[in-house]
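These protein sequences, in sequence, are chains A and B.
Going left to right, the first sequence walks through residues 27 to 421 as the numbering used here numbers them.
Going left to right, the second sequence walks through residues 276 to 755 as the numbering used here numbers them.
Simulated from the structure, these hints should not be mistaken for lab results.
Values in this document were obtained by computation on a predicted structure and should not be read as measured data.
Among these hints, one or two may not hold up.
Residues from chain B that face chain A, not an exhaustive set, calculated with beta carbons under 7 Å [claimed, not checked]:
1) Thr-319
2) Gly-327
3) Ile-444
4) Gly-508
5) Pro-602
6) Thr-605
7) Thr-738
8) Gln-743
Calculated lysine to any residue pairs in the SDA-like style (CA-CA distance at most 25 Å, straight line) [unchecked claim]:
9) A/Lys-205 - B/Gly-584
10) A/Lys-322 - A/Lys-365
11) B/Lys-355 - A/Arg-349
12) A/Lys-322 - B/Ala-586
13) A/Lys-365 - B/Gly-584
14) A/Lys-365 - B/Ala-586
15) A/Lys-205 - B/Arg-747
16) A/Lys-365 - B/Arg-279
17) A/Lys-365 - B/Lys-351
18) B/Lys-351 - A/Gln-257
Here a beta-carbon is modelled for each residue, glycine too, at the ideal position from N, C-alpha and C.
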Amino acid sequence: MLPLHTRAVISGALSRQLLKVLDLAEALRGDVPHEQVAVHLDDGIDVDTGVLRDLRFAAVMRPGATDRRPDDVLPVICGLSNTDVVNPGDVIRVRQDSGQLSVLYRRGANANSLFLTVQCNSRCLMCSQPPRDEDDLWRVRELLDLIPLIDRDLPQLGFTGGEPTLLGPLLPELIRSCKAALPWTGLHILTNGRNFADPAVADSVHDAAGFATWAIPLYADVPSRHDHVVQAAGAFDATVNGIYNLAERGHAIEIRFVVHAQTLPRMQHFAEFIWRNMPFVSHVAFMGLEPMGFAKVNRDLLWVDPVDYGPALAEAAWHLQDRGITTSIYNVPLCVLPKAAWPLARQSISDWKNVYDPACEGCSMRPRCCGFFASHGPAWRSRGIRAFRFDEAAE
Amino acid sequence: MPFRFTRIPGVDGKVLVTSEVGEFEFLDETDFRGFAAGTLSPATDAYADLQGKHFLVEGDPSTTLRMVAAKYRTRKSFLKGGPALHVFVVTLRCDHSCRYCQVSRQTADQARFDMSVETAAAAIDLMFQTPSPSLTVEFQGGEPLLAFARIQQIVEAIEERNRVEGRAITFSMTSTLHQADGEVLEFLRRHDFQLSTSLDGPETLHDANRPRPGRESHRRTLEGIGRVREALGERSLTALTTLTRESLKHPEAIVDEYVRLGFPSIFLRPLSPFGFAAKAAQRIGYGMEEFLPFYERALAYILELNRKGVAIQEAYTGFLLSHILTPFPTGYVDLRSPTGAGLGARVYNYDGDVYASDEGRMLAEMGDHSLRLGTVHDSHADLMNSEGMQLLLATGVAEALPGCSDCAFLPYCGADPVFNLAREGDPVGHRPTNAHCVKHTGLFRILFRYLAEADPHVVRTFTSWVTQRPVRRLPDAEAA
Numbered sequence: 027m028l029p030l031h032t033r034a035v036i037s038g039a040l041s042r043q044l045l046k047v048l049d050l051a052e053a054l055r056g057d058v059p060h061e062q063v064a065v066h067l068d069d070g071i072d073v074d075t076g077v078l079r080d081l082r083f084a085a086v087m088r089p090g091a092t093d094r095r096p097d098d099v100l101p102v103i104c105g106l107s108n109t110d111v112v113n114p115g116d117v118i119r120v121r122q123d124s125g126q127l128s129v130l131y132r133r134g135a136n137a138n139s140l141f142l143t144v145q146c147n148s149r150c151l152m153c154s155q156p157p158r159d160e161d162d163l164w165r166v167r168e169l170l171d172l173i174p175l176i177d178r179d180l181p182q183l184g185f186t187g188g189e190p191t192l193l194g195p196l197l198p199e200l201i202r203s204c205k206a207a208l209p210w211t212g213l214h215i216l217t218n219g220r221n222f223a224d225p226a227v228a229d230s231v232h233d234a235a236g237f238a239t240w241a242i243p244l245y246a247d248v249p250s251r252h253d254h255v256v257q258a259a260g261a262f263d264a265t266v267n268g269i270y271n272l273a274e275r276g277h278a279i280e281i282r283f284v285v286h287a288q289t290l291p292r293m294q295h296f297a298e299f300i301w302r303n304m305p306f307v308s309h310v311a312f313m314g315l316e317p318m319g320f321a322k323v324n325r326d327l328l329w330v331d332p333v334d335y336g337p338a339l340a341e342a343a344w345h346l347q348d349r350g351i352t353t354s355i356y357n358v359p360l361c362v363l364p365k366a367a368w369p370l371a372r373q374s375i376s377d378w379k380n381v382y383d384p385a386c387e388g389c390s391m392r393p394r395c396c397g398f399f400a401s402h403g404p405a406w407r408s409r410g411i412r413a414f415r416f417d418e419a420a421e
Numbered sequence: 276m277p278f279r280f281t282r283i284p285g286v287d288g289k290v291l292v293t294s295e296v297g298e299f300e301f302l303d304e305t306d307f308r309g310f311a312a313g314t315l316s317p318a319t320d321a322y323a324d325l326q327g328k329h330f331l332v333e334g335d336p337s338t339t340l341r342m343v344a345a346k347y348r349t350r351k352s353f354l355k356g357g358p359a360l361h362v363f364v365v366t367l368r369c370d371h372s373c374r375y376c377q378v379s380r381q382t383a384d385q386a387r388f389d390m391s392v393e394t395a396a397a398a399i400d401l402m403f404q405t406p407s408p409s410l411t412v413e414f415q416g417g418e419p420l421l422a423f424a425r426i427q428q429i430v431e432a433i434e435e436r437n438r439v440e441g442r443a444i445t446f447s448m449t450s451t452l453h454q455a456d457g458e459v460l461e462f463l464r465r466h467d468f469q470l471s472t473s474l475d476g477p478e479t480l481h482d483a484n485r486p487r488p489g490r491e492s493h494r495r496t497l498e499g500i501g502r503v504r505e506a507l508g509e510r511s512l513t514a515l516t517t518l519t520r521e522s523l524k525h526p527e528a529i530v531d532e533y534v535r536l537g538f539p540s541i542f543l544r545p546l547s548p549f550g551f552a553a554k555a556a557q558r559i560g561y562g563m564e565e566f567l568p569f570y571e572r573a574l575a576y577i578l579e580l581n582r583k584g585v586a587i588q589e590a591y592t593g594f595l596l597s598h599i600l601t602p603f604p605t606g607y608v609d610l611r612s613p614t615g616a617g618l619g620a621r622v623y624n625y626d627g628d629v630y631a632s633d634e635g636r637m638l639a640e641m642g643d644h645s646l647r648l649g650t651v652h653d654s655h656a657d658l659m660n661s662e663g664m665q666l667l668l669a670t671g672v673a674e675a676l677p678g679c680s681d682c683a684f685l686p687y688c689g690a691d692p693v694f695n696l697a698r699e700g701d702p703v704g705h706r707p708t709n710a711h712c713v714k715h716t717g718l719f720r721i722l723f724r725y726l727a728e729a730d731p732h733v734v735r736t737f738t739s740w741v742t743q744r745p746v747r748r749l750p751d752a753e754a755a
């Protein structure tokens, strides 16, 4: 699991915080304006930085070098505490003052998401990213700079938060920015959908139709239970209206259902509810709990050993898959799922989620298994965890 | 919210409630009484189940109503676009003399019972006046292949016209297939025809039901099936079984014949009260109370075969289950409300008359012209405003018919004024003695009994029928 931050020695005054790191050959290809590029030079390479300065590059990066060379005439980023963190293709933020270097976009990662805001209008019992009520519009300004530096061949880019619709007109602006800079990249936007109950808000994101998938959580077929899970009265009605408003405007919708003790009692009914009321959705994702944030605090309210809900989960997921709605199970290791559910189980989408238990040693299913969240601990350990022998898995 | 209810024979202690948009729930007697009286406790599972299916609503109902409205629009979306099924009766000639024939067939050499070039051209024009983005062109007879040249002309004219129109067009034909060979097959393949043929079961039964000079109908049909499958592929052909009194004794043998011939589907169709069938009713006919036990036995046998891994479905059950288990309508026009006659389908007869349905023209052959909408020289608007359509609209909405309006099976059923006219001389019909009603309430009771029992294998089989996907097999360890 590669960290997103490290420290660096910065010599010379950087003209900008956000830089695209490219090796020399790619930098010279000119796909990215030189003023925004830090040229990544491996230790052995000897390049006259004067030439690079004349070509208007922003900086050079020598990850392993301890300091600038005497003849360097461009700002130099070197002395990385962890040289693995940054690689060519990445977009980094460099804090001139502290030397902190953060990767905002990582080329080749299996999931890249933009974090839009820490604010949210729901307070889900199991929220892994507890919201804060603070002014963080600087994030959007930074993202607007970042988006043009993302690789144009990226297949999918996530928007996460926080609740992105709280950004008002800045959300459509971010979408338009992506559409202009990354016309071939599909957006996957997490939202609780509540604000789309207002048709004007649904109208405002028209640029996303055919370009983005809205990933919207729904936790029950009845309002009271959903509202309890998200700790917001009226949320169910607002989300349902939001989903309908988006669907009527031609948007693609994914429904997300997190399985825990508060959602489990209605899970089967929820599946039939989606089929009857929202058969137009493009994807339904059932997800195991991510033991972070509020989920840790509410552990006793939420915990069900996945091995106990596995058969019910298989049933609910197949109820939708059998009816032609693409359905996936995330974040539940294969050993705690009945084999019937295996065809629907996906490896986790994010690099930071895939870790494994000591018991996984020697498991023949590991290459296909989602493993655990990095934050997984003993309190969240299923009694069903075990390694599969080769012959078992081959059945 | 409004609901309807009934008790299903064989499902003890439970009441079936259904909603206007086809959701259903089995309730315990106690919960049912509480629900009806408005005293059901919100703490019960039944309360949440009913709320999730929109039988009951708390507080502001607007969101629930929005979902209900969406479901209603979806279920009735077959109304959009007007008639999509256009039947061309290219000839009345036929070489068979089936006892139950719905059509007043003519012997094979009477060319004056063929559709003329001019009539065909006018009918094509009329078809394109309907706004439906997808059109099914079905050729019927008689034996339509006896007028193959006319079929060619119509298909080519439609394809020419469609270069401008851009509709999604499917060609289909009901045929004995006896004349399907060489050039005919090549033509059908090139235009991607969907074919339907009559196969009444094993040889003896089939040949007794479907006599022709020199007999051999079964053998010739099988040969036709073989030729069609080879030329057009397995999926291009379905078969349906017309059931005579004799057929009712042999449900297993009929199903076995379809399995033996590799059909994934069988359509068990009771006799229609039209044409020769009406005249011959004494000899070959039967009441629905005789059909239902046959159907029940056949369905049980089909489910048993599926349990053993033989994938065969009953097509009509598939339509009924789609109405029950999905939010969508089917393309099947004969069980809809408002009726499919004239609204979903239209028939262009060989002589240029236009009817609301195939049965409508058979009724005319019996002397009742009330469902003749006009001729191919009228406009689409004329036909839709005709007296025949007025009659169908006044009597073809089950929600407004006595005996239907409060029936628990209403959301899954349909109105059939044409059938009622033929049987009872009245398009509304008298429900307690109405064969359409006896048949369908009987079928729905059988199916809801299965749904209440919820045997996992039956549920998976039914699901596969409505989704047209293979039955999902469980891993061996969990199959038990």
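**Message:** Name the hints, by number, that the structure is in violation of.
**Reply:** 1, 3, 4, 6, 8, 9, 10, 12, 15, 16, 17, 18
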